[in-house]
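**Q** Letter by letter, the chains look like this.
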Amino acid sequence: MKKLLALFALMFALTFVSAACLPAQELDPSQILKPPTNDWPTFNGDYTGRRYSPLTQINKDNVGSLALAWAFQSHSQGLQSMPLEVDGILYISGGNQIWAVDARTGRQIWHFVRPGFPPGGGNKGVAMWKNHLYMNTFDAQLLCVDAQTGKMLWQVQIADPALKAFGTVAPLVVGNHLIEGTSGDTADLPGFLESINPVDGKIEWRWDSMPKPNDPAWNTWPHDTDVITRGGGMTWLTGTYDPELNLIYWGTGNPHPVENGDTRVGANLYTCSIVALNPDTGKLVWYFQSSPHDTHDWDTVMTPVLFDGTFKGKPRKMLAQANKNGMFFVLDRTNGQALLSEPFVPANWFSGFNKRGEPIPAKDKEPQPDGVLVSGGVGTNWQAPSFDPQTGLFYVNSRETMGVFYLTMPGKNAEGWAGRDFFLGSKSMLKAIDYQTGKTSWEHTANGRGGSSGILTTAGHLLFTADDAQNLVALDPASGKVLWHMYPGGGLGTGPMTYELDNRQYVVFPVDGVVYGFALPEALSASSPNLGQ
Amino acid sequence: MIAIEASPRETKRRRSASDGVDALAWENLHLKKLAILTILVLSAVTLLRAQAGAPPGAAPGQGRPGGRNPAQKEAEAAAADRGSTLFKENCAVCHGENLTGGRGPDLIRSSLVRHDKNGDLIGPVVTGGRADKGMPAFPFTQAQVSDLIAFIQAQLALFDLHTRFSPYPNDIPASRLATGSVEAGKSYFDAHCSSCHSPTGDLAHVASKYNPPDLEVRFLYPSGTPSTAIVTLPSGEKYEGTLLVNDGFNVAIQGKDGWYHSWPSNGVKIEVHDPLAAHEALLEKYTDADMHNIFTYLETLK
Chain A
1 MKKLLALFAL MFALTFVSAA CLPAQELDPS QILKPPTNDW PTFNGDYTGR
51 RYSPLTQINK DNVGSLALAW AFQSHSQGLQ SMPLEVDGIL YISGGNQIWA
101 VDARTGRQIW HFVRPGFPPG GGNKGVAMWK NHLYMNTFDA QLLCVDAQTG
151 KMLWQVQIAD PALKAFGTVA PLVVGNHLIE GTSGDTADLP GFLESINPVD
201 GKIEWRWDSM PKPNDPAWNT WPHDTDVITR GGGMTWLTGT YDPELNLIYW
251 GTGNPHPVEN GDTRVGANLY TCSIVALNPD TGKLVWYFQS SPHDTHDWDT
301 VMTPVLFDGT FKGKPRKMLA QANKNGMFFV LDRTNGQALL SEPFVPANWF
351 SGFNKRGEPI PAKDKEPQPD GVLVSGGVGT NWQAPSFDPQ TGLFYVNSRE
401 TMGVFYLTMP GKNAEGWAGR DFFLGSKSML KAIDYQTGKT SWEHTANGRG
451 GSSGILTTAG HLLFTADDAQ NLVALDPASG KVLWHMYPGG GLGTGPMTYE
501 LDNRQYVVFP VDGVVYGFAL PEALSASSPN LGQ
Chain B
1 MIAIEASPRE TKRRRSASDG VDALAWENLH LKKLAILTIL VLSAVTLLRA
51 QAGAPPGAAP GQGRPGGRNP AQKEAEAAAA DRGSTLFKEN CAVCHGENLT
101 GGRGPDLIRS SLVRHDKNGD LIGPVVTGGR ADKGMPAFPF TQAQVSDLIA
151 FIQAQLALFD LHTRFSPYPN DIPASRLATG SVEAGKSYFD AHCSSCHSPT
201 GDLAHVASKY NPPDLEVRFL YPSGTPSTAI VTLPSGEKYE GTLLVNDGFN
251 VAIQGKDGWY HSWPSNGVKI EVHDPLAAHE ALLEKYTDAD MHNIFTYLET
301 LK
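Read top to bottom, the protein sequences are chains A and B. Residue numbers for the first sequence follow the numbering used here, beginning at 1 and rising by one. Residue numbers for the second sequence follow the numbering used here, beginning at 1 and rising by one.
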């Protein structure tokens, strides 16, 4: 009997031990609260949106030896998906499709194609919660896919595609909630954020970009027309989250009708704003409007990047954003108070700042039937910036443009797109911005006109991106000096990401239809311990 | 634009089985505006058929653009023309000439209109009226209703296409852009442009060559004009040609001999001539009045 008990005990212990040793392939939402080391479990790697990795195996002394470890051929053009990496598996999306790929070798594990739908086109990325993946689609559905098998479990309609709503945004997982936005600019529809139950797709709360009558922001719209119902304020890029303050930060898009302000006199809240919401209730805590009464399509969806530090000698919890309107903003993220508002490219569309630090639009630079010349536009786009706490610099791929804006549908009956714009003579460069002053510390250009790729920084004193001539590059984030480069045969559709497996650090670049995994040569990896863990 | 032929019948959320639509190849998309264009196309062509209760693998919609021949397109345009006349005579007084509403509702943003399929929602409203809302019944034949729908769908497509996508709208009339002064434009031209350009030489009849918005954008910045470069090798040998690459790592030109040549950037001397440099410098200096004056002057060079 004793022997039998001992055997049982041994079996129990073995079961327990082996279970404990099995890698957990699921993603427990609490794991996202830890900074990314081994994994890259969310769109931005972690909740801060800094896109800064503590990994150091690849560093500024050895990055010159960086070599191709593997390549994954998706056979699908124009990937703009930020891959996730969880326990050795990469999850990469495209329109109506997801690939699970071995993160050590680049070999495909499974390929999900939405039944009955044509795969292709862009998708910003998936979200993972436990053993489920979530992806938005061009017909504004949210799909739930089994991460182990690649089989679709369910889909729910998020918005109405007949009104030209669509979805490419990667949802944000906060605890047991999916925070979800939507896109669409064509037919005048209002934007929103929703919290969705990851188990069954049911809505838990909804925050509308358009204020309600009991909100003071209601008065930033005229009410002799129904223009407020036409909305805008689309929420088409993933936001960030501060677990201590329990606030999510999200950018909203432009108001409708686009490029015609005649019918919507006022600031038009909460369009072109950074909003801070309570993730449990969807209640607005504060807002900052980066383009009041926008008439230039200056969406504010660019990543609100969160970091702590001193500002003018005082410790602050900050939020920084490089905006499409050419402005760099630093806010106190506890209350939305502007600490710094400064253009990072030449900009003539504003006449100054109001006392909240928000730009005041220049009336004479609103689109006109015979055209106006506007600078500062599309100073940057949705591709991710990065903040490196080691240098205190904020990095953004920027453009200096002159645009001609025509009002093609004047008057109060305008709908959807009411203007047309051309951007001329754009100069591209990567800028390193000192968050204390908003001034550019250094800039880098390859004399091209393409620069719109995302950025990654690491504790190995490295900055990875693609330059404006499409070269993949590693730069010294303190000086901008080029330390490594490679032409990959196409454009980096999103940004780079990094993770470490078996003491080997990988840097991944999705380029057109190919995903490249770079690492140090195996012999070098073995002798170069990762001090970041 | 294509008629919307498969739309969700309801806007409320639902769990749905996915089912079949037509495959449509589409392009690599990088920017939101391109994504929107895709949506315009996709929504019209492959818009979701995933409706509650629809059987998996249900038949795809008909009449997709890939399957339309010129005769069909012509027939649709003719139907829209007939519908336009009907609309003007009967509907415009309340719904506005361009459907954006007036006494009656805006039809461009109408959920009912957006969800209509071959007249199944619009038809009964037209022929039955909405007595409660003051809309009379119109005793149209089925063919007339079809014409009306063709017109409404064409108008919706026009509004939805009213984006910055070339070529729509590229029909901005010269009269709308030529708000400046010919004299002021000419004197600006003489002072700043005449060292490189001549109204009787390279710019003779330029206003006849380009439509008005293209002419304006091209004089502001004729993008696409390549730079040239002279590359001097350590030996002193010089190569001259059209500059193709100059990214700091490598320099490449198409030489005057017609061949491609490239070198690592370090070790060679590179002299770049950018014919657009003068335009780039002016671009930062133009006032809006300068732009209007120059356009107004150039528009006289028919």
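Keep in mind that the hints were calculated from the coordinates and are not lab data. There could be a bad hint or two in this list.
Only part of the chain B face toward chain A is listed, based on derived beta-carbon distances under 8 Å [to be verified]: (1) T100; (2) R109; (3) L112; (4) F249.
Backbone N, C-alpha and C define an ideal beta-carbon position, used for all residues, glycine too.
**Q** Hints first: check each against the structure and report whether it holds.
**A** Status of the hints after comparison with the structure:
no.	hint	verdict
1	T100	holds (4 Å)
2	R109	holds (6 Å)
3	L112	violated (10 Å)
4	F249	holds (6 Å)
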